[in-house]
Amino acid sequence: MNNLSRFLASDFFYKFRRSPVAVIAFIVTVFLVLSAVLAPLLATQNPFDPGSLNLMNGFSKPGVPNDFTGETFMLGTDDQGRDIYSTILYGLRVSLFVGFSAVVFAMVLGATLGLIAGYTGGRTDTIIMRIADIQLTFPAILVALLIFGIAKGITPPSYRDEVAIWVLIIAIGLSDWVQFARVVRGATLVERNKEYVQAAKLIGRSPFSIMIKHILPNTLGPVLVIATISLALAIIAEATLSFLGVGAPPTQPSLGTLIRIGQGFLFSGEWWILFYPAMTLLLLALSVNLLGDWLRDALNPKLK
Amino acid sequence: MTNPLLSVKDLVIEFPTRFGPLTAVDTINFDLAPGEILGVVGESGAGKSLTGSAIMGLLDPPGRIASGEIWLKGERIDNLPNEAQRAIRGRRISMVFQDPLTSLNPLYTIAEQLIETIRTHLKVSESEARKRAIGLLDDVGIPAAERRIDDYPHQFSGGMRQRVVIALALAAEPELVIADEPTTALDVSVQAQIIDVLKEQCSERGASVILITHDMGVIAETANRVAVMYSGRIAEIGPVKDIIQNAMHPYTVGLMGSIPTLAQEEDRLVQIPGSMPRLNDIPQGCAFNPRCDRAFEKCRIDRPDLIDQGTRQVACWLYDETVLAKGKIA
Amino acid sequence: MLAYVIRRVFQSLFVLLMVGLVAFSMFRFVGDPVDNLLGQERTQADIERVREQLGLNDPFPIQYVKFLGNVTRGNFGVSYRQGRPVADIIAERAPATLELAGVSALLAVVFGVGLGVFTAIRRDGIVANFIMTTSLIGVSLPTFLIGILLIYIFAVELGWLPSFGRGETVQLGWWSTGFLTESGLKAIILPAITLGLYQMTLIMRLVRAEMLEVLRTDYIKFARARGLSERAINFGHALKNTMVPVITVTGLQIGSIIAFAIITETVFQWPGVGLLFINAIQFVDIPVMAAYLMLISVMFVLINLIVDLLYFAIDPRLSADASSRGH
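Protein chains in written order, with the working numbering: chain F, 108 to 411; chain A, 3 to 332; chain S, 3 to 329.
It is worth saying that the hints were derived from the structure and are not from the lab. Quick caveat, the model's predicted, so the values are computed rather than measured. Wrong hints could be hidden among the right ones.
Examples of chain S residues lying across from chain A (beta carbon under 7 Å, computed) [to be verified]: (1) Asp220; (2) Arg226; (3) Asn243.
C-beta atoms are modelled at their ideal positions from N, C-alpha and C, and glycine is treated no differently.
Pulled out of the complex, with its shape left as it was, chain F reads as follows:
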């Protein structure tokens, strides 16, 4: 049996197929990720290239031809005449890029620290895990805000917009490494005393690289669950920071930035500037969250 047919026959895939929520969440997630990747092809304009904008198109209602230019925008336009549909695609791109990068960063950092803590033990272990404990007492968003604030203080004002996205990734990633570290450390502690590690030491091979080979497969399940849930959290964290005005800059807006901008038009009746980005964010966060939730249940049958 090859890998694919073995996967299709597995309990895991059976459970997946039988859960409409998981299937829909998966399809929506894949759809949104593809839209973000293909944004330049799908968008009708590059909303952040001033040359492609026409101020006359400002405040076009969704699906209704504009009074001055007669152009129709499916999801309407904002005050600058930006097509909301296109801004959402580009915003989705930023949101997902920051989300994925932050999770990868947190995963690599957490796994490395967890491995070191579990393998070295002793004082190193105590220090790493104590820092983890302290950090865990504070909500991630607060940690991210703080890191963002410090980074902002260090970078010269003229570079701030340029590095904002990277600062965001680091801030969110640093606020979220602890869980990865805990799982990997736990697995490392189990493997450390196994005979093959001792044997490797005896024949003079680096036990470290062998352990990585054995530990990583063991932690794959839990790490995957944590990563999926972290992705949902990272997307929300990014949106929140951008909404608070301390995240993605207006020149490179994420969904959160778009919502921040759209909130200003709530009272004047241009609801679509806020509504569509908000719905997109909601759909994204919800489907990734549902997927993570389902994954956790599926890989851990005890919790039902």
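Assemble chains A and S onto chain F, guided by the hints.
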């Protein structure tokens, strides 16, 4: 048995799965006389505990009674509404679980748990209930019961806790106590004491006992009758003495051979080859046939029902009249 | 038990010292405090005078100790942006945040525990399943979207409640309260729901999960076997055992409510400490950031400590003396 206390008739317990229902207990029948102690033996997964839970009306979902009836003193109890079943639990049928360390709520004192049980079933005042509770603890052999009653479960040892559990089971003077492996989790040194307390207190109160265990030795010393279960069915049921002296079902024979005795001089204990089939993999015919050294053709085709053999019943084709008449067996 | 408490207090102090170090490092190394205090027109003498005033010429450990000394006396320095003592600014705004957080926490705990117990007992019921599904949406919804949604429904469309601010407040000594005026009470409704909803969902899901776990234990099965009523089992036995782990998380959630107030305060322009912090980040007002960090840490550490001590009150296994263990 003219007036049985408990009758289990054609009881079937199933677990629905994605491949269709699995039958965990398959059409079992037995009666229990008032004051009688019935031992139920078998390997893990034979359906002993499920039968006990079904009688209590406490099968864990998704397990369910698929068919059959349970009668208590001429009244059918398996189809009663929840509230009526609850009124029977603890009052008329009660249960002692395997692990005394986890059977008691760690956040309540022994007194609180005993008084709560007594007052749920009997109309007595708080102080009367407390008096009874102390008496019960005394009966089950807790020293200084009056002082220790206000302790929390974690302040007792395992054996003492199991005594408390027995006191709780007896709190409302039930007619039947189902003890599900009551000594398995305990130190060997206290196992015999716990069995003694259980037997003595139940017989003093005239309560019947269903003693579920995989320890044939305990049954030999305690029970009046024994039911041997294999793969969801009763293989053999009858008076303990008869079955120990002259086991008829090949499985029982193997089971007896695996008990070490001082009297016999044997080099090694007999072991039954193979293991009990899994629920989704029960062979056609007699479930024991792949492991049975006396199996013949019929055993691989038809499933035997219990056949009367004097004081006992055996589910084995070796004792079927037509089979015996044909003289097919070597 | 006393030994445990003392150890926990020392641990808490250690955490606070660590946080203090972070706060101080921010203060000292992020941007140049002298630059921030003096405008463009300054002389070398000015710089020297300010450096001396701030103690920047001392060695690092001494500066840190002085910083801690100042902090314990409530002196957090001067805001770069407003030019006033940070302590005054925070004292002015603390009542707004604390009132908001208090109402939200109350909502979250009452409804969270209630709904959690309900959904655990009626595990397969339609209403319970509906609540669970909705709650998942609730957890996935970013707080600020809930706030915007509520503003849209109740302020823009229905016009029942105000969309921003605190309404009229009454001054009671140094404390300004919004509880005594109608507009103040109206103004707190939407922010409190926004802030409490997320924590409520978390508490509800946790209570449900813990309760289901407890309902599977042997002592609950044994309670059933003893014929206790469903009511006694669910509320007498299961709920009490559920509360042990729930208290920790609930305690921590109350801490996070104060931190999450940052978001709610931004959405509703609520004049509290959170809004102050966000503005401080935007303008890199380090003394305000550092002070906020220190204060919130003290709050978190205190809550953690209280939660730990509460364990003793509820779980006899922890407070019992070892000598009475019968073995």
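Review point. For the hint on arginine 226 of chain S, does the least C-beta distance to chain A fall short of 7 Å?
Key: 6 Å, holds
**Study point:** Minimum beta-carbon distance criterion (7 Å), aspartate 220 of chain S to chain A
**Key:** 4 Å, holds
Review point. Per the CB criterion, is asparagine 243 of chain S less than 7 Å away from chain A?
Key: 6 Å, holds
The structure fails none of the hints (numbered hints given earlier).
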